[in-house]
Amino acid sequence: MRKKIGQNWILISIEDLEGLPGTTFLNLIQLLLRVVNFKFAIIDDIEAFACGQYLGHATSLPNSTDLGNIKNYNNDNELVQSDNFEQEKAIKAYSFLRNAQNKSIDLDELLSYIGDIRQFNWGDFFLFESYPSSWINDKNEYYPYIISQADTTIRAIDSQYIYIYTPYQGVVDLINANYLIESIKQGSLESLDYPE
Amino acid sequence: MPDPAAEGSAHTTLGTREGRRGAYTQGATFDDEGNFTGRTDVTDHGRNDHFKPHWHPANSPNSVKRGPHPIPEVY
Numbered sequence: 001m002r003k004k005i006g007q008n009w010i011l012i013s014i015e016d017l018e019g020l021p022g023t024t025f026l027n028l029i030q031l032l033l034r035v036v037n038f039k040f041a042i043i044d045d046i047e048a049f050a051c052g053q054y055l056g057h058a059t060s061l062p063n064s065t066d067l068g069n070i071k072n073y074n075n076d077n078e079l080v081q082s083d084n085f086e087q088e089k090a091i092k093a094y095s096f097l098r099n100a101q102n103k104s105i106d107l108d109e110l111l112s113y114i115g116d117i118r119q120f121n122w123g124d125f126f127l128f129e130s131y132p133s134s135w136i137n138d139k140n141e142y143y144p145y146i147i148s149q150a151d152t153t154i155r156a157i158d159s160q161y162i163y164i165y166t167p168y169q170g171v172v173d174l175i176n177a178n179y180l181i182e183s184i185k186q187g188s189l190e191s192l193d194y195p196e
Numbered sequence: 001m002p003d004p005a006a007e008g009s010a011h012t013t014l015g016t017r018e019g020r021r022g023a024y025t026q027g028a029t030f031d032d033e034g035n036f037t038g039r040t041d042v043t044d045h046g047r048n049d050h051f052k053p054h055w056h057p058a059n060s061p062n063s064v065k066r067g068p069h070p071i072p073e074v075y
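Going down the list, the protein sequences come from chains A and B.
Numbering of the first sequence is given in the numbering used here, commencing with residue 1 and proceeding in unit increments.
Numbering of the second sequence is given in the numbering used here, commencing with residue 1 and proceeding in unit increments.
Please note that a few of the clues may not be correct.
Said to hold, decoys possible - Derived lysine to any residue pairs resembling SDA-like cross-links, with alpha carbons at most 25 Å apart:
1. LYS52/B to SER13/A
2. LYS103/A to VAL36/A
3. LYS52/B to TYR142/A
4. LYS139/A to GLY46/B
5. LYS185/A to ASP44/B
6. LYS52/B to GLU18/A
7. LYS65/B to ALA23/B
Derived from the structure by calculation, the hints contain no laboratory data.
Construct the complete structure from the given sequences, taking the supplied hints into account.
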């Protein structure tokens with residue numbers, strides 16, 4: 001059922017009013033599982049905050065390793081108390097994401113961690129129905145080729161948007177019924193948008 | 001991370017985010033106590049509604065506010 005580059009794909013963009021916490025992606029992927037039996041995932045290009053730690057490319061961004069002095073804030077910038085259990089979960093999620101990038105992982109394992117991430121600034125989640133044994137992800141390859149290898153791709157965009165690239169009309173219908181859509185585009189992968 | 005050489009002073013450190021179509025500069029700004037106050041992206045990300053550069057003010061040490069904001073005159 002997978003469609004290749006050059007064939008018809010659909011890009012759905014959603015603005016997330018919550019600012020892309022991990023729970024946004026947990027809920028979205030769980031929703032998609034109603035219509036497509038994704039079993040595996042590959043994550044890449046992750047920039048995320050998890051309980052005082054920052055995972056990303058840019059060397060300038062905050063990266064506290066002082067785990068004994070973690071403060072958590074809600075979206076109104078109010079200091080909230082979190083117990084050690086919550087902190088440990090966030091740190092485990094951070095460690096998992098850091099080590100799992102560009103590797104084939106069980107989707108269930110990803111889902112067990114992803115909800116503990118405080119915020120995704122950027123991130124690519126490539127979803128597969130079967131094991132991606134021939135995955136190629138050269139950093140110089142453009143997104144249309146990379147995404148053509150996955151069955152559906154979800155991208156976290158700039159702490160604000162979710163971009164979903166899929167060949168499945170069932171995915172589109174499900175998202176339409178459950179989210180406020182910013183835009184939908186249809187065409188070859190080369191013709192779609194890829195913010196970076 | 002805050003620049004240790006700027007301890008006690010508000011400052012911005014610069015880094016590079018590598019993309020598939022090229023790289024762009026990011027800045028992380030800290031107040032005079034070393035608290036993260038926001039991120040600057042020197043790009044429009046290929047989106048028409050983002051200006052270059054734009055600013056993401058911090059919600060907290062663990063998050064930034066969604067959406068592009070103008071670069072503040074005084075951090």
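Going through the hints against the structure:
Between LYS52/B and SER13/A the CA atoms are separated by roughly 21 Å; this keeps the pair inside 25 Å, and the hint holds. For the suggested pair LYS103/A and VAL36/A, the alpha carbons sit about 21 Å apart, so the restraint of at most 25 Å is met. With a CA separation close to 22 Å, the supplied pair LYS52/B and TYR142/A stays within the 25 Å bound. Between LYS139/A and GLY46/B the alpha-carbon distance is near 18 Å, which keeps this suggested pair within the 25 Å criterion.
With a C-alpha separation of about 20 Å, the suggested pair LYS185/A and ASP44/B falls inside the 25 Å cut-off, and the hint holds. Of the pairs offered as hints, the one joining LYS52/B and GLU18/A holds, with about 23 Å between alpha carbons and a cut-off of 25 Å not exceeded. Using a Cα cut-off of 25 Å, the hinted pair LYS65/B and ALA23/B holds, with the two alpha carbons roughly 23 Å apart.
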